[in-house]
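**Student:** Sequence:
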Amino acid sequence: MKNRQGRKIFWIIAGLLFLLLPVTGIFAEEEKASPKDETPLAEIEGGSITIGEFRERIYNPQEEVMAVLSSPEGKERLLNELIQTRLYSLESKRLKINERADVVLIIQDSVERILADFYLKEHVYNKIQITDEEIKAFMDKNPELFSAPESVHVRHILLRTGREAKPEETESQRKKAEEILAKAKAGEDFSALATTYSEDKSAQKKNGDLGYIEKGRYGKEFDEGVSNLKPGEISPVIRTAKGFHIFRVEGRKPAGTRSLSEARPWITSRLMTAKEQEARDAADKELIEKYKVKIHKELLK
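Using my numbering, you'd call the opening residue of the sequence shown number 4 and step up by one each time.
Keep in mind that a hint or two might mislead.
[Unchecked claim] Simulated restraints, written as ranges between beta carbons of each label pair:
hint, residue 1, residue 2, range
1, L290, L90, 51 to 59 angstroms
2, D143, I117, 47 to 55 angstroms
3, R261, L85, 24 to 32 angstroms
4, L108, Y128, 23 to 31 angstroms
[Claimed, not checked] List of simulated lysine-lysine pairs, DSS-like, C-alpha gap at most 27 angstroms:
hint, residue 1, residue 2
5, K169, K223
6, K245, K124
7, K188, K209
8, K188, K144
9, K223, K245
Since the hints were made in silico from the structure, they are not lab data.
All values derive from a computational prediction rather than experimental measurement.
Glycine included, every Cβ here is placed at the ideal spot set by N, Cα and C.
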(Lines of atoms letter the chains of each structure in order from A; the text may use other names.)
(Lines give C-alpha, C1' and ligand atoms only; values in the text may rest on other atoms or scores of the structure.)
Protein backbone atom coordinates (compact mmCIF):
# COMPACT_ATOMS: atom_id res chain seq x y z
CA MET A 4 0.00 0.00 0.00
CA LYS A 5 2.86 2.28 0.94
CA ASN A 6 4.63 1.60 -2.40
CA ARG A 7 1.47 2.32 -4.37
CA GLN A 8 0.98 5.57 -2.53
CA GLY A 9 4.61 6.48 -3.11
CA ARG A 10 4.30 5.82 -6.86
CA LYS A 11 1.16 7.95 -6.97
CA ILE A 12 3.00 10.82 -5.28
CA PHE A 13 5.91 10.34 -7.71
CA TRP A 14 3.69 10.67 -10.78
CA ILE A 15 1.99 13.74 -9.31
CA ILE A 16 5.41 15.34 -8.74
CA ALA A 17 6.54 14.40 -12.26
CA GLY A 18 3.39 15.92 -13.71
CA LEU A 19 3.81 19.12 -11.69
CA LEU A 20 7.41 19.39 -12.83
CA PHE A 21 6.30 19.11 -16.44
CA LEU A 22 3.66 21.78 -15.99
CA LEU A 23 6.34 24.07 -14.58
CA LEU A 24 8.66 23.60 -17.55
CA PRO A 25 7.33 26.49 -19.69
CA VAL A 26 7.45 28.77 -16.62
CA THR A 27 11.02 27.94 -15.70
CA GLY A 28 12.11 28.34 -19.30
CA ILE A 29 14.16 25.18 -19.54
CA PHE A 30 12.86 24.63 -23.07
CA ALA A 31 13.70 28.14 -24.22
CA GLU A 32 15.73 28.47 -27.40
CA GLU A 33 18.64 30.13 -25.64
CA GLU A 34 19.01 27.14 -23.31
CA LYS A 35 20.17 24.82 -26.10
CA ALA A 36 23.83 25.67 -25.67
CA SER A 37 23.80 26.12 -21.90
CA PRO A 38 25.87 23.85 -19.60
CA LYS A 39 24.25 20.58 -18.61
CA ASP A 40 21.72 21.20 -15.86
CA GLU A 41 21.84 18.51 -13.18
CA THR A 42 18.62 19.70 -11.56
CA PRO A 43 16.31 16.67 -11.14
CA LEU A 44 13.29 16.82 -13.42
CA ALA A 45 11.93 13.51 -12.13
CA GLU A 46 13.31 11.86 -8.99
CA ILE A 47 13.50 8.09 -8.83
CA GLU A 48 14.87 6.01 -6.03
CA GLY A 49 18.38 5.05 -7.10
CA GLY A 50 18.76 7.96 -9.53
CA SER A 51 16.99 10.79 -11.33
CA ILE A 52 16.25 12.23 -14.75
CA THR A 53 17.83 15.66 -14.92
CA ILE A 54 16.75 18.73 -16.84
CA GLY A 55 19.99 18.52 -18.81
CA GLU A 56 19.41 14.89 -19.74
CA PHE A 57 15.88 15.66 -20.88
CA ARG A 58 17.02 18.71 -22.85
CA GLU A 59 19.61 16.61 -24.66
CA ARG A 60 16.85 14.29 -25.86
CA ILE A 61 14.82 17.24 -27.14
CA TYR A 62 17.58 19.04 -29.00
CA ASN A 63 19.48 16.03 -30.36
CA PRO A 64 18.86 16.26 -34.14
CA GLN A 65 19.45 12.51 -34.49
CA GLU A 66 16.40 11.66 -32.41
CA GLU A 67 13.46 10.30 -34.43
CA VAL A 68 11.06 11.83 -31.91
CA MET A 69 11.77 15.42 -32.99
CA ALA A 70 8.41 15.69 -34.76
CA VAL A 71 6.39 15.10 -31.59
CA LEU A 72 8.41 17.49 -29.42
CA SER A 73 6.79 20.62 -30.79
CA SER A 74 3.86 20.21 -28.41
CA PRO A 75 3.57 19.98 -24.61
CA GLU A 76 1.89 16.60 -25.08
CA GLY A 77 4.91 15.35 -27.04
CA LYS A 78 7.33 16.53 -24.35
CA GLU A 79 5.22 14.86 -21.68
CA ARG A 80 5.17 11.62 -23.68
CA LEU A 81 8.98 11.66 -23.96
CA LEU A 82 9.36 12.33 -20.24
CA ASN A 83 7.02 9.43 -19.42
CA GLU A 84 8.98 7.13 -21.76
CA LEU A 85 12.27 8.12 -20.11
CA ILE A 86 10.78 7.43 -16.68
CA GLN A 87 9.41 4.05 -17.77
CA THR A 88 12.71 3.04 -19.33
CA ARG A 89 14.62 4.06 -16.19
CA LEU A 90 12.22 2.15 -13.96
CA TYR A 91 12.44 -1.00 -16.09
CA SER A 92 16.22 -0.69 -16.13
CA LEU A 93 16.40 -0.31 -12.35
CA GLU A 94 14.18 -3.34 -11.84
CA SER A 95 16.24 -5.31 -14.35
CA LYS A 96 19.41 -4.51 -12.40
CA ARG A 97 17.73 -5.47 -9.13
CA LEU A 98 16.96 -8.87 -10.65
CA LYS A 99 20.57 -9.02 -11.94
CA ILE A 100 19.41 -9.47 -15.53
CA ASN A 101 22.28 -7.23 -16.60
CA GLU A 102 24.74 -9.79 -15.20
CA ARG A 103 23.49 -12.73 -17.27
CA ALA A 104 26.01 -13.95 -19.84
CA ASP A 105 23.61 -13.66 -22.78
CA VAL A 106 22.61 -10.12 -21.83
CA VAL A 107 26.21 -9.05 -21.24
CA LEU A 108 27.07 -10.27 -24.75
CA ILE A 109 24.21 -8.30 -26.31
CA ILE A 110 25.17 -5.14 -24.39
CA GLN A 111 28.81 -5.48 -25.41
CA ASP A 112 27.86 -6.03 -29.05
CA SER A 113 25.52 -3.02 -29.00
CA VAL A 114 28.19 -0.77 -27.47
CA GLU A 115 30.77 -1.86 -30.05
CA ARG A 116 28.37 -1.23 -32.93
CA ILE A 117 27.48 2.23 -31.63
CA LEU A 118 31.15 3.14 -31.17
CA ALA A 119 31.96 1.80 -34.64
CA ASP A 120 29.20 3.94 -36.17
CA PHE A 121 30.48 7.07 -34.43
CA TYR A 122 34.07 6.32 -35.47
CA LEU A 123 33.07 5.93 -39.12
CA LYS A 124 30.98 9.08 -39.06
CA GLU A 125 33.48 11.29 -37.26
CA HIS A 126 36.82 9.97 -38.51
CA VAL A 127 36.23 8.20 -41.83
CA TYR A 128 33.26 9.75 -43.62
CA ASN A 129 33.62 13.30 -42.28
CA LYS A 130 36.24 14.36 -44.84
CA ILE A 131 34.34 13.14 -47.90
CA GLN A 132 33.25 15.86 -50.30
CA ILE A 133 31.48 15.74 -53.65
CA THR A 134 32.51 18.55 -55.98
CA ASP A 135 30.54 20.14 -58.80
CA GLU A 136 33.23 18.94 -61.20
CA GLU A 137 32.75 15.32 -60.10
CA ILE A 138 28.97 15.57 -60.51
CA LYS A 139 29.25 17.01 -64.02
CA ALA A 140 31.92 14.48 -65.01
CA PHE A 141 29.71 11.59 -63.88
CA MET A 142 26.79 12.92 -65.89
CA ASP A 143 28.94 13.43 -68.99
CA LYS A 144 30.30 9.87 -68.77
CA ASN A 145 26.88 8.26 -68.24
CA PRO A 146 24.41 10.11 -70.50
CA GLU A 147 22.21 7.01 -70.84
CA LEU A 148 21.33 7.25 -67.15
CA PHE A 149 19.77 10.68 -67.52
CA SER A 150 17.31 10.34 -70.36
CA ALA A 151 13.86 11.56 -69.33
CA PRO A 152 10.69 10.19 -70.95
CA GLU A 153 7.78 12.43 -71.86
CA SER A 154 6.03 13.79 -68.78
CA VAL A 155 2.82 15.61 -68.03
CA HIS A 156 2.01 18.01 -65.20
CA VAL A 157 -1.40 17.17 -63.73
CA ARG A 158 -3.79 17.85 -60.90
CA HIS A 159 -6.18 15.13 -59.89
CA ILE A 160 -9.22 14.28 -57.84
CA LEU A 161 -9.28 10.75 -56.43
CA LEU A 162 -12.22 8.85 -55.01
CA ARG A 163 -10.83 5.67 -53.52
CA THR A 164 -12.22 2.16 -53.91
CA GLY A 165 -10.56 -0.54 -51.87
CA ARG A 166 -10.04 -4.10 -53.01
CA GLU A 167 -12.69 -5.28 -50.60
CA ALA A 168 -15.24 -2.68 -51.68
CA LYS A 169 -18.70 -4.01 -52.41
CA PRO A 170 -20.13 -3.47 -55.91
CA GLU A 171 -22.66 -0.94 -54.64
CA GLU A 172 -19.89 1.05 -52.89
CA THR A 173 -17.81 1.07 -56.07
CA GLU A 174 -20.78 2.23 -58.12
CA SER A 175 -21.52 4.98 -55.60
CA GLN A 176 -17.95 6.29 -55.92
CA ARG A 177 -18.16 6.16 -59.73
CA LYS A 178 -21.37 8.20 -59.74
CA LYS A 179 -19.86 10.72 -57.35
CA ALA A 180 -16.81 11.03 -59.62
CA GLU A 181 -19.06 11.66 -62.62
CA GLU A 182 -20.89 14.39 -60.69
CA ILE A 183 -17.60 16.08 -59.77
CA LEU A 184 -16.42 15.81 -63.40
CA ALA A 185 -19.62 17.55 -64.52
CA LYS A 186 -18.89 20.43 -62.14
CA ALA A 187 -15.34 20.72 -63.47
CA LYS A 188 -16.56 20.65 -67.09
CA ALA A 189 -19.11 23.35 -66.22
CA GLY A 190 -16.27 25.67 -65.23
CA GLU A 191 -15.94 25.23 -61.47
CA ASP A 192 -12.39 25.74 -60.20
CA PHE A 193 -10.58 22.40 -60.42
CA SER A 194 -8.20 23.21 -57.55
CA ALA A 195 -11.12 24.00 -55.28
CA LEU A 196 -12.90 20.80 -56.30
CA ALA A 197 -9.74 18.80 -55.53
CA THR A 198 -9.45 20.40 -52.10
CA THR A 199 -13.10 19.67 -51.35
CA TYR A 200 -13.59 16.19 -52.78
CA SER A 201 -10.28 14.40 -53.35
CA GLU A 202 -9.46 11.50 -51.06
CA ASP A 203 -5.73 11.72 -51.83
CA LYS A 204 -4.76 13.62 -48.68
CA SER A 205 -1.17 14.39 -49.67
CA ALA A 206 -2.16 15.90 -53.04
CA GLN A 207 -5.27 17.49 -51.53
CA LYS A 208 -3.04 19.81 -49.49
CA LYS A 209 -1.59 21.07 -52.79
CA ASN A 210 -4.98 21.55 -54.49
CA GLY A 211 -4.62 18.17 -56.18
CA ASP A 212 -1.23 18.98 -57.73
CA LEU A 213 0.81 15.84 -58.54
CA GLY A 214 3.59 17.68 -60.36
CA TYR A 215 5.14 16.15 -63.47
CA ILE A 216 4.40 12.46 -64.02
CA GLU A 217 6.66 10.51 -66.37
CA LYS A 218 5.07 8.29 -68.96
CA GLY A 219 4.71 4.73 -67.64
CA ARG A 220 4.90 5.68 -63.98
CA TYR A 221 1.14 5.58 -63.27
CA GLY A 222 0.27 2.75 -65.62
CA LYS A 223 -1.53 2.33 -68.94
CA GLU A 224 -4.84 3.79 -67.73
CA PHE A 225 -3.20 7.10 -66.82
CA ASP A 226 -1.09 7.31 -69.97
CA GLU A 227 -4.07 6.63 -72.23
CA GLY A 228 -6.39 8.93 -70.30
CA VAL A 229 -4.20 12.03 -70.55
CA SER A 230 -2.17 11.29 -73.70
CA ASN A 231 -4.21 13.53 -76.01
CA LEU A 232 -5.12 16.25 -73.53
CA LYS A 233 -3.76 19.77 -73.93
CA PRO A 234 -2.95 22.07 -70.99
CA GLY A 235 -6.20 23.17 -69.37
CA GLU A 236 -8.17 20.14 -70.53
CA ILE A 237 -9.80 17.62 -68.18
CA SER A 238 -9.83 13.84 -68.52
CA PRO A 239 -12.89 11.62 -68.27
CA VAL A 240 -13.26 9.55 -65.08
CA ILE A 241 -10.39 7.04 -65.13
CA ARG A 242 -10.45 3.81 -63.09
CA THR A 243 -7.17 2.55 -61.61
CA ALA A 244 -6.27 0.18 -58.78
CA LYS A 245 -6.55 3.13 -56.38
CA GLY A 246 -10.02 4.20 -57.42
CA PHE A 247 -11.64 6.76 -59.71
CA HIS A 248 -9.51 9.68 -60.92
CA ILE A 249 -10.20 12.92 -62.72
CA PHE A 250 -7.10 14.60 -64.15
CA ARG A 251 -6.53 18.15 -65.36
CA VAL A 252 -3.43 18.68 -67.49
CA GLU A 253 -1.40 21.73 -66.49
CA GLY A 254 1.59 21.33 -68.82
CA ARG A 255 3.79 18.93 -70.77
CA LYS A 256 7.49 18.19 -71.18
CA PRO A 257 8.75 16.30 -74.23
CA ALA A 258 11.18 13.40 -73.85
CA GLY A 259 14.74 14.61 -73.40
CA THR A 260 17.66 14.67 -70.99
CA ARG A 261 17.42 15.61 -67.33
CA SER A 262 19.09 18.86 -66.39
CA LEU A 263 22.12 18.90 -64.12
CA SER A 264 20.06 20.44 -61.31
CA GLU A 265 17.48 17.63 -61.58
CA ALA A 266 20.15 14.93 -61.61
CA ARG A 267 22.37 16.42 -58.90
CA PRO A 268 20.72 14.78 -55.82
CA TRP A 269 20.83 11.31 -57.37
CA ILE A 270 24.42 11.69 -58.61
CA THR A 271 25.55 13.07 -55.24
CA SER A 272 24.00 10.13 -53.41
CA ARG A 273 25.60 7.62 -55.78
CA LEU A 274 29.05 9.21 -55.58
CA MET A 275 28.79 9.50 -51.79
CA THR A 276 27.98 5.80 -51.45
CA ALA A 277 31.00 4.88 -53.58
CA LYS A 278 33.34 7.23 -51.70
CA GLU A 279 32.13 5.99 -48.31
CA GLN A 280 32.90 2.42 -49.35
CA GLU A 281 36.37 3.43 -50.54
CA ALA A 282 37.03 5.30 -47.29
CA ARG A 283 35.79 2.35 -45.24
CA ASP A 284 37.99 -0.10 -47.17
CA ALA A 285 41.01 2.13 -46.53
CA ALA A 286 40.12 2.39 -42.82
CA ASP A 287 39.74 -1.37 -42.60
CA LYS A 288 43.18 -1.92 -44.10
CA GLU A 289 44.81 0.67 -41.84
CA LEU A 290 43.26 -0.70 -38.64
CA ILE A 291 43.94 -4.33 -39.53
CA GLU A 292 47.64 -3.45 -39.80
CA LYS A 293 47.58 -1.20 -36.73
CA TYR A 294 46.04 -3.82 -34.45
CA LYS A 295 47.92 -6.73 -36.09
CA VAL A 296 44.79 -8.72 -36.92
CA LYS A 297 45.35 -12.41 -37.59
CA ILE A 298 42.44 -14.58 -38.71
CA HIS A 299 42.49 -18.36 -38.28
CA LYS A 300 40.23 -19.30 -41.19
CA GLU A 301 40.90 -22.99 -40.70
CA LEU A 302 38.79 -22.89 -37.54
CA LEU A 303 35.74 -21.84 -39.54
CA LYS A 304 35.52 -25.27 -41.20
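**Student:** Given the hint of 51 to 59 angstroms, is the C-beta distance from L290 to L90 inside that range or not?
**Tutor:** violated, 40 angstroms
**Student:** Please work out if K223 and K245 have their alpha carbons no farther apart than 27 angstroms.
**Tutor:** With a Cα-Cα distance of about 14 angstroms, the restraint between K223 and K245 holds, given a limit of 27 angstroms.
**Student:** Given the hint that K188 pairs with K209, test it: the Cα-Cα distance must not exceed 27 angstroms.
**Tutor:** Status holds; Cα separation ~21 angstroms.
**Student:** 23 to 31 angstroms was suggested as the range; check whether the CB atoms of L108 and Y128 agree with it.
**Tutor:** holds, 28 angstroms
**Student:** How does the Cβ-Cβ distance of R261 and L85 compare with 24 to 32 angstroms: does it lie in that range?
**Tutor:** Cβ of R261 to Cβ of L85: about 47 angstroms, so the range 24 to 32 angstroms is violated.
**Student:** Holds or violated: K188 and K144, Cα atoms, limit 27 angstroms.
**Tutor:** violated, 48 angstroms
**Student:** K245 and K124: Cα distance at most 27 angstroms?
**Tutor:** Given that 27 angstroms is the threshold and the Cα spacing comes to 42 angstroms, the pair is violated.
**Student:** Between K169 and K223, does the CA-CA distance stay at or below 27 angstroms?
**Tutor:** holds, 25 angstroms
**Student:** Taking the CB of D143 and the CB of I117, does the distance hold inside 47 to 55 angstroms?
**Tutor:** violated, 41 angstroms
Violated hints for the displayed structure, listed by number in ascending order: 1, 2, 3, 6 and 8.
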